[in-house]
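**Q** Residues per chain, in single letters:
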Amino acid sequence: MLTKKKLILLLSPFTIFFCFVFVSAFIKSIVTSLGYYPLMGLKTLTFKYYMTALQDKTFLTTSLRTFCFALLSAGLACLGGLALALVLQRSTGPVGRFGFKLAQLPVMLPHIFVILALLQLLSQTGLVPSLLVHLGWLKGPQHFPLLVNDPLQIGIILTYLWKEIPFVIVSLMLVLRSLDRRYSAVGQNLGASKLQIFWHISLPMIQPALLNAFIINFSFNFGAYEVPYLLGNPRRELLPVYIYDFYVQGDLTQMPLIMSLNILLSLFAVLCAGAVLYLSRRLPGGHLGGLK
Amino acid sequence: MSRKVIQRSIIIIIFALLILMPLAVIVFLSVGQQWHYPRLFPGSLDWGYYFRQLTTNVELLSSLRASLLLAGGTIILTLVIAYPTAIALAYYTFPGKRLFSVCVYLPLIVPGIALLTNIDFMMIKYSLTGTFFGVICVHTLFCLPYAVKLLVDNLVLLKNRYEVTGRNLGASPWQTFFKITLPLSKPGLQGALMMTYIVSMTQYLATLMVGNGNYLTLSVRMFPFTQEGKYQIAAVYGVTFMLVTLVPLFILDSLLNRQRKRG
Numbered sequence: 001m002l003t004k005k006k007l008i009l010l011l012s013p014f015t016i017f018f019c020f021v022f023v024s025a026f027i028k029s030i031v032t033s034l035g036y037y038p039l040m041g042l043k044t045l046t047f048k049y050y051m052t053a054l055q056d057k058t059f060l061t062t063s064l065r066t067f068c069f070a071l072l073s074a075g076l077a078c079l080g081g082l083a084l085a086l087v088l089q090r091s092t093g094p095v096g097r098f099g100f101k102l103a104q105l106p107v108m109l110p111h112i113f114v115i116l117a118l119l120q121l122l123s124q125t126g127l128v129p130s131l132l133v134h135l136g137w138l139k140g141p142q143h144f145p146l147l148v149n150d151p152l153q154i155g156i157i158l159t160y161l162w163k164e165i166p167f168v169i170v171s172l173m174l175v176l177r178s179l180d181r182r183y184s185a186v187g188q189n190l191g192a193s194k195l196q197i198f199w200h201i202s203l204p205m206i207q208p209a210l211l212n213a214f215i216i217n218f219s220f221n222f223g224a225y226e227v228p229y230l231l232g233n234p235r236r237e238l239l240p241v242y243i244y245d246f247y248v249q250g251d252l253t254q255m256p257l258i259m260s261l262n263i264l265l266s267l268f269a270v271l272c273a274g275a276v277l278y279l280s281r282r283l284p285g286g287h288l289g290g291l292k
Numbered sequence: 001m002s003r004k005v006i007q008r009s010i011i012i013i014i015f016a017l018l019i020l021m022p023l024a025v026i027v028f029l030s031v032g033q034q035w036h037y038p039r040l041f042p043g044s045l046d047w048g049y050y051f052r053q054l055t056t057n058v059e060l061l062s063s064l065r066a067s068l069l070l071a072g073g074t075i076i077l078t079l080v081i082a083y084p085t086a087i088a089l090a091y092y093t094f095p096g097k098r099l100f101s102v103c104v105y106l107p108l109i110v111p112g113i114a115l116l117t118n119i120d121f122m123m124i125k126y127s128l129t130g131t132f133f134g135v136i137c138v139h140t141l142f143c144l145p146y147a148v149k150l151l152v153d154n155l156v157l158l159k160n161r162y163e164v165t166g167r168n169l170g171a172s173p174w175q176t177f178f179k180i181t182l183p184l185s186k187p188g189l190q191g192a193l194m195m196t197y198i199v200s201m202t203q204y205l206a207t208l209m210v211g212n213g214n215y216l217t218l219s220v221r222m223f224p225f226t227q228e229g230k231y232q233i234a235a236v237y238g239v240t241f242m243l244v245t246l247v248p249l250f251i252l253d254s255l256l257n258r259q260r261k262r263g
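For the protein sequence lines, the chains are A and B, in the order given. The first sequence: position 79 = 79 (our numbering), numbered continuously. The second sequence: position 99 = 99 (our numbering), numbered continuously.
These aren't lab readings, by the way, just hints derived from the structure by calculation. The model shown is predicted, which means the values in this text are computed figures rather than measured ones. Even for Gly, the Cβ is constructed at its ideal location relative to N, Cα and C.
Label pairs and their computed distance ranges (CB to CB):
1. B/L169 with A/F98: 41 to 49 angstroms
2. A/L132 with B/G48: 27 to 35 angstroms
3. A/F98 with B/L45: 23 to 31 angstroms
4. A/L152 with B/F178: 55 to 63 angstroms
5. B/S9 with A/L146: 30 to 38 angstroms
6. B/P173 with A/L79: 43 to 51 angstroms
7. A/L152 with B/K230: 22 to 30 angstroms
8. A/T44 with B/P173: 50 to 58 angstroms
9. A/M40 with B/T55: 47 to 55 angstroms
10. B/K179 with A/L271: 42 to 50 angstroms
11. B/R258 with A/L132: 40 to 48 angstroms
12. B/L243 with A/K5: 45 to 53 angstroms
13. A/H143 with B/T55: 41 to 49 angstroms
Part of the chain B face toward chain A, derived, beta carbon under 7 angstroms:
14. V25
15. I81
16. T85
17. I87
18. A88
19. N118
20. L141
21. Y204
Cross-link-like lysine to any residue pairs, in silico, SDA-like; alpha carbons within 20 angstroms at most:
22. B/K230 with B/S44
23. A/K194 with B/Q7
24. A/K5 with B/P95
25. B/K97 with A/Y278
26. A/K4 with B/K159
27. A/K28 with A/K43
28. A/K28 with B/L128
29. A/K101 with A/S178
Required output: the full structure, derived from the provided sequences and hints.
**A** Here you go:
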């Protein structure tokens, strides 16, 4: 029934595809980053591009800024999503069902969609400043705080929150609905406070799903290009824009350096994800799963 | 007690407004004329404008076609790869299973920009940039984690006891697959299909870079219009996007729900 031959047959489509698209891309990139790039007559293996990358101040500060930014925005999305999922779970009436249905909407729409709406709403000539001026709460649109292309990346964070809070809600609701409510009832009977029930019963049961969503959001915010490109501040560039600009300049002599940046970033992201997963397994409830 | 219900309802209503606001802004942008600063409302609403665009704008129609073609190709490739993978992950234990499932999720963990520049660099070498196959390969890479997860969750729930029974009663492997495994995993397949459709439709940089500008999908075309401040035409693309994603998915979802309740 569960024969070895059948297993190999089942695993081969993914293995072939993955090796073809993902593994081969990374092997080529690693080889190039080590200085083997015959097209440009480079054939000696060297670590000098990694050394250059690790000494490049712009790259390092941009990476650090992007890391903090991704951590903050993904963390906010998880907190907001968790809070709203708990509210939605408790409201079992039509309002709650309606809220859950709506939470699925942003997951289905592209980022550019909310960028467009945000520009029309929050840029200094947008609808919100006009409304405030009309109401007399603001002397002129120039007094409205800069929320788009601002140095604090608020526009980007708002875009990500609009997309990711609902994503967290959807992933958590699937777990929350399948939870055994009797555990909470037992806790209550034994005299646990609401906070204790949340902290010792509910949270451990949903933490694997929450941390999975965190990893996906963090990696996305760390490496996505379109939102920082349109809503970012040119003087506080984020990493994806930095790398993309570097790559499309088309300077082939820079390819080994770009590829070494890519490899460093990928390693870093995988290590971060690994650390979060390790943490998730160690925390109460970790045996329930996670990325499986 | 009832105060809490009211509090919760207020939170949900604020949440709903925040979700719906961008959608409303885009719908009004697409039909409103002269909606510039300092106007709070569009000068006039021309509902015909959108439909004239939808029937006469050749660029819009061609990008709609490109979006649907890529999504269709991606769905086929993704399901062909994800379904056997999910069966293996749900029913078998084998050495290296952990590593294998980590590989499925890697495309979501590695930063998009690094992954895409690497793949673009490799695809140039195989001269796959700008081809249909090249683009659906990249889309599939990003769809697989979701598709496999949805399918595995569904299959694990069922366990393979029905298959074992079928085989014990003398059914051939193909019979068990077509009469038992496939019908039982229908909900999982439907979920995977919907998610793949969405992920493929919303891709921006993957389509642009690996597609080399040959596949200007709806989300790709919205980009330059937004950047140049041509919000109305960008919103026309946005509304078209909503029409081809939200409406069919909503109809499919409610049909499935009704089926589930009946069956």
